[in-house]
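J.: Below, each chain spelled out in residue letters.
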Amino acid sequence: MSAPAPAAVHYGAPRRVRYRLLELLLILLAVLASVVAYALVGLGAQNEIPANVYQYGGWLLALGLAAHAVVQWRARYADQTLLPIVTLLNGLGLAMIYRIDIAKGRLEDGGGAAGSQLIWMTLGVALAIGVLIALRDHRVLRRYTYTAGLAAFLLLLLPLLPGLGVTINGARIWIRLFGMSFQPAEIAKILLAIFFAGYFVAYRDSIVLAGPKFLGIQWPRLRDLGPIVIAWIASVGILVFQRDLGTSLLIFGLFVAVLYVATAKRTWILLGAVFFTGGALLAAQAFSHVQQRIDGWLHALDPEMYNREIGGSYQLVQGLFGMANGGLIGTGLGRGRPDIVPYSESDFIIASLGEELGLIGLFAILMLYVLLMARGLKTAMLVRDGFGKLFAAGISFTIALQCFIVVGGVTRLIPLTGLTTPFLAAGGSSLVANWIIIGLLLRISDNARRPQEEFHTGVLGTVRQETEEEPSPRRRRREEQAGHTGTGQTPAGEDATVIVQEVPGPEGSDPRERGQA
Amino acid sequence: MSELTIAALRLGLFVLMWIFVFAVAAVLRRDLFGARAQTGRRATRPAKPMPQPSYEAGPIPRPEEIAATPRHLRVVQGSLAGTTVPLSGTPITIGRSHSSTLVLSDDFASGRHARIVPGEGGWWIEDAGSTNGTLVDGERITAPVRLRVGTRITIGHTVMELAP
Numbered sequence: 001m002s003a004p005a006p007a008a009v010h011y012g013a014p015r016r017v018r019y020r021l022l023e024l025l026l027i028l029l030a031v032l033a034s035v036v037a038y039a040l041v042g043l044g045a046q047n048e049i050p051a052n053v054y055q056y057g058g059w060l061l062a063l064g065l066a067a068h069a070v071v072q073w074r075a076r077y078a079d080q081t082l083l084p085i086v087t088l089l090n091g092l093g094l095a096m097i098y099r100i101d102i103a104k105g106r107l108e109d110g111g112g113a114a115g116s117q118l119i120w121m122t123l124g125v126a127l128a129i130g131v132l133i134a135l136r137d138h139r140v141l142r143r144y145t146y147t148a149g150l151a152a153f154l155l156l157l158l159p160l161l162p163g164l165g166v167t168i169n170g171a172r173i174w175i176r177l178f179g180m181s182f183q184p185a186e187i188a189k190i191l192l193a194i195f196f197a198g199y200f201v202a203y204r205d206s207i208v209l210a211g212p213k214f215l216g217i218q219w220p221r222l223r224d225l226g227p228i229v230i231a232w233i234a235s236v237g238i239l240v241f242q243r244d245l246g247t248s249l250l251i252f253g254l255f256v257a258v259l260y261v262a263t264a265k266r267t268w269i270l271l272g273a274v275f276f277t278g279g280a281l282l283a284a285q286a287f288s289h290v291q292q293r294i295d296g297w298l299h300a301l302d303p304e305m306y307n308r309e310i311g312g313s314y315q316l317v318q319g320l321f322g323m324a325n326g327g328l329i330g331t332g333l334g335r336g337r338p339d340i341v342p343y344s345e346s347d348f349i350i351a352s353l354g355e356e357l358g359l360i361g362l363f364a365i366l367m368l369y370v371l372l373m374a375r376g377l378k379t380a381m382l383v384r385d386g387f388g389k390l391f392a393a394g395i396s397f398t399i400a401l402q403c404f405i406v407v408g409g410v411t412r413l414i415p416l417t418g419l420t421t422p423f424l425a426a427g428g429s430s431l432v433a434n435w436i437i438i439g440l441l442l443r444i445s446d447n448a449r450r451p452q453e454e455f456h457t458g459v460l461g462t463v464r465q466e467t468e469e470e471p472s473p474r475r476r477r478r479e480e481q482a483g484h485t486g487t488g489q490t491p492a493g494e495d496a497t498v499i500v501q502e503v504p505g506p507e508g509s510d511p512r513e514r515g516q517a
Numbered sequence: 001m002s003e004l005t006i007a008a009l010r011l012g013l014f015v016l017m018w019i020f021v022f023a024v025a026a027v028l029r030r031d032l033f034g035a036r037a038q039t040g041r042r043a044t045r046p047a048k049p050m051p052q053p054s055y056e057a058g059p060i061p062r063p064e065e066i067a068a069t070p071r072h073l074r075v076v077q078g079s080l081a082g083t084t085v086p087l088s089g090t091p092i093t094i095g096r097s098h099s100s101t102l103v104l105s106d107d108f109a110s111g112r113h114a115r116i117v118p119g120e121g122g123w124w125i126e127d128a129g130s131t132n133g134t135l136v137d138g139e140r141i142t143a144p145v146r147l148r149v150g151t152r153i154t155i156g157h158t159v160m161e162l163a164p
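Chains as they are written, first to last, in full-length UniProt numbering: chain A, 1 to 517; chain B, 1 to 164.
Just chain A, with the same shape it has in the complex (with noise of 0.2 Å):
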């Protein structure tokens, strides 16, 4: 197009600048922050600043000017937020883990928690720099929407192998290799989260306008629908063989936002939740675990609960008291009694650091995953191609959900189950599969913001000529036999169409109508 470019007028060299500083303030902030609560960790215990907190603060600023070097090396228009929210809350984690690895002795015989959370957060940086420099357009990922299908099949399967897989606590969700430990179902998240993407952004034309109607609701065609629903079935069941209910909803969490944010019909939702609250009780009956974590959930006061030997509420109460010790504004890190509750430094580290900071520094820490979920939506809304759309939509939800079902285990809003606290709790396989996620929204949000000159990344081809939103002569045809007479109209924030209309149309009841502006 011969349209002149005077776009950097508006997007050019200051603002771009602007956001890479902010940046990197952020990050130094970010850094200070997490160094101050390491040495009160230390002060708090054992009434003095750790030795090494110099290695520790360095290699964690080292980590973050990288993490930046690299986002203003191939990323220059990312998201400025994304990288110093997770920096803080990693930081905050460390410090919590090692405050943990103090009160349980574990630094006598070397090596604690939070060296090897260190170590993984390292390596999590690292693949997150991986796929920024390796990945250059996320469009790219959609041609491998049903590898990615199956190898996170795979990867979900993988627990179940013997010999691979380790049952710890009743769930079958970990395989050990060399003498590690590694929850496959994190890395599948984000394959599923591909796959989702992929799959609807082809499909939700004929999913959303093909099909019966009944009972008010447009219901899909089977043939349409049903990849997705053995996909669903699949991951639900392997997951019920593995007795892991928190991955369990988090996946079919995914499942039901990416369908509803490819539709738009709220009616998925609620089938969901329906669906959901149905196997969740069909799951209570059947397996005797669910039915405690239930149990635990209502009765968690009760003395015969919580004395229970297996399956008590100890560990929920613990934590209760411990956050009610904490009170307002804490006692102060370092000064608390967190150790009690048992997984104190993974799945419980939310009650730990409301005991320890208290409902100020409690807020801060939930206002931070807030932020990055709205970060991530705004994401999703910016980016123009419709699979990165639902493919960044989708990964925030996770953090957001993971985020939700964990904290309202913890606070006994909901039942308990065992999922991590994204970047916070002590756990490898969580922190690199959230790191990932961030070099992928900082990918997606990079090539959302470009202006569209300097859009060329050789990959795919300019935006604006995007012709892999044009519907296949297969689609087509399939919703001409449906009776659909195309009028241009794509749901959910579609922006392939382009209309210019001189006489207004007389159909007021678009889908994309609702109240954004």
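These are calculated hints, taken from the structure and not from any lab test. Please note that a few of the clues may not be correct.
Facing chain A, from chain B, some residues (calculated, C-beta under 10 Å) [said to hold, decoys possible]: (1) Thr-5; (2) Arg-10; (3) Leu-11; (4) Gly-12; (5) Leu-16; (6) Trp-18; (7) Ile-19; (8) Phe-20; (9) Val-21; (10) Ala-25; (11) Val-27; (12) Gln-77; (13) Ser-79; (14) Phe-108.
Over the 12 Å line for every Cβ pair with chain A, so calculated as not near, a few chain B residues [as the list claims (entries may be wrong)]: (15) Thr-69; (16) Arg-71; (17) Val-117; (18) Glu-120; (19) Gly-121; (20) Gly-122; (21) Trp-124; (22) Ile-141; (23) Thr-142; (24) Ala-143; (25) Val-145; (26) Arg-146; (27) Arg-148; (28) Val-149; (29) Pro-164.
Backbone N, C-alpha and C fix where the C-beta goes; we use that ideal spot for every residue, glycine too.
Fit chain B to the given chain A structure using the hints.
T.: Using the frame of chain A, we list chain B on its own:
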């Protein structure tokens, strides 16, 4: 180390964490509402009615003092770049709503975002109570503004101008 220092550090950590939260929130705010808050309270309030806009489909009032008479509205940047709409003496509405003359597929445009109407001495643009505002030559408008050839109008990610 003294108890006072520790208390100060604890307070310092809270302050740092919340400064961080508010700094990020400020970025979100800037993205939503533009660079700086308007001094005139609400730029989204519908602007005052225009001085006698002539809505009847007649010939455009002759603008003697303008060198070139605008005859088209041309989109120069955004997903619709290259689109032109003829100026024919009837008002042009711009927005995401499908009843607009120029339908923008832009998440930052409102359903009814702005209108360009013939008025005294040429064409005028008026914000129709949009959420994110209409920029004319980089300035957010609060009242109808007279347009000349080449005046840059920015709505969301779309930039357009009047062309001869």
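J.: So, for every hint listed, does it hold in this structure?
T.: Against the structure, the hints come out as follows:
1. Thr-5: Nearest chain A Cβ about 8 Å off; hint holds.
2. Arg-10: holds (5 Å)
3. Leu-11: This hint holds: Leu-11/B lies near chain A, its Cβ roughly 9 Å from the closest one there, short of 10 Å.
4. Gly-12: holds (6 Å)
5. Leu-16: The hint holds - Leu-16/B has a Cβ within 10 Å of chain A, the shortest such distance being about 4 Å.
6. Trp-18: OK, holds: Trp-18/B within 10 Å of chain A, min 6 Å.
7. Ile-19: For Ile-19/B, the interface hint holds, since the closest Cβ of chain A sits about 7 Å away, which is under 10 Å.
8. Phe-20: holds (5 Å)
9. Val-21: It holds, given that the least Cβ distance between Val-21/B and chain A is near 5 Å, below 10 Å.
10. Ala-25: holds (7 Å)
11. Val-27: holds (5 Å)
12. Gln-77: holds (6 Å)
13. Ser-79: It holds, given that the least Cβ distance between Ser-79/B and chain A is near 6 Å, below 10 Å.
14. Phe-108: Constraint on Phe-108/B satisfied, holds at 8 Å.
15. Thr-69: Nearest chain A Cβ is 21 Å from Thr-69/B, so the label holds.
16. Arg-71: At roughly 16 Å from the nearest Cβ of chain A, Arg-71/B sits farther out than 12 Å, so the non-interface label holds.
17. Val-117: holds (16 Å)
18. Glu-120: Glu-120/B is indeed farther than 12 Å from all Cβ atoms of chain A, at 26 Å.
19. Gly-121: For Gly-121/B, whose nearest Cβ neighbour in chain A is about 26 Å away, the distance exceeds 12 Å, so it holds.
20. Gly-122: It holds; Gly-122/B is separated from chain A by about 22 Å at its closest Cβ, greater than 12 Å.
21. Trp-124: holds (21 Å)
22. Ile-141: holds (17 Å)
23. Thr-142: With a cut-off of 12 Å, Thr-142/B remains clear of chain A, as the shortest Cβ separation is near 18 Å.
24. Ala-143: holds (21 Å)
25. Val-145: Val-145/B clear of chain A: closest Cβ-Cβ about 19 Å, beyond 12 Å.
26. Arg-146: For Arg-146/B, whose nearest Cβ neighbour in chain A is about 21 Å away, the distance exceeds 12 Å, so it holds.
27. Arg-148: Consistent with the label, Arg-148/B stays out of reach of chain A, its closest Cβ about 17 Å off (over 12 Å).
28. Val-149: holds (14 Å)
29. Pro-164: holds (15 Å)
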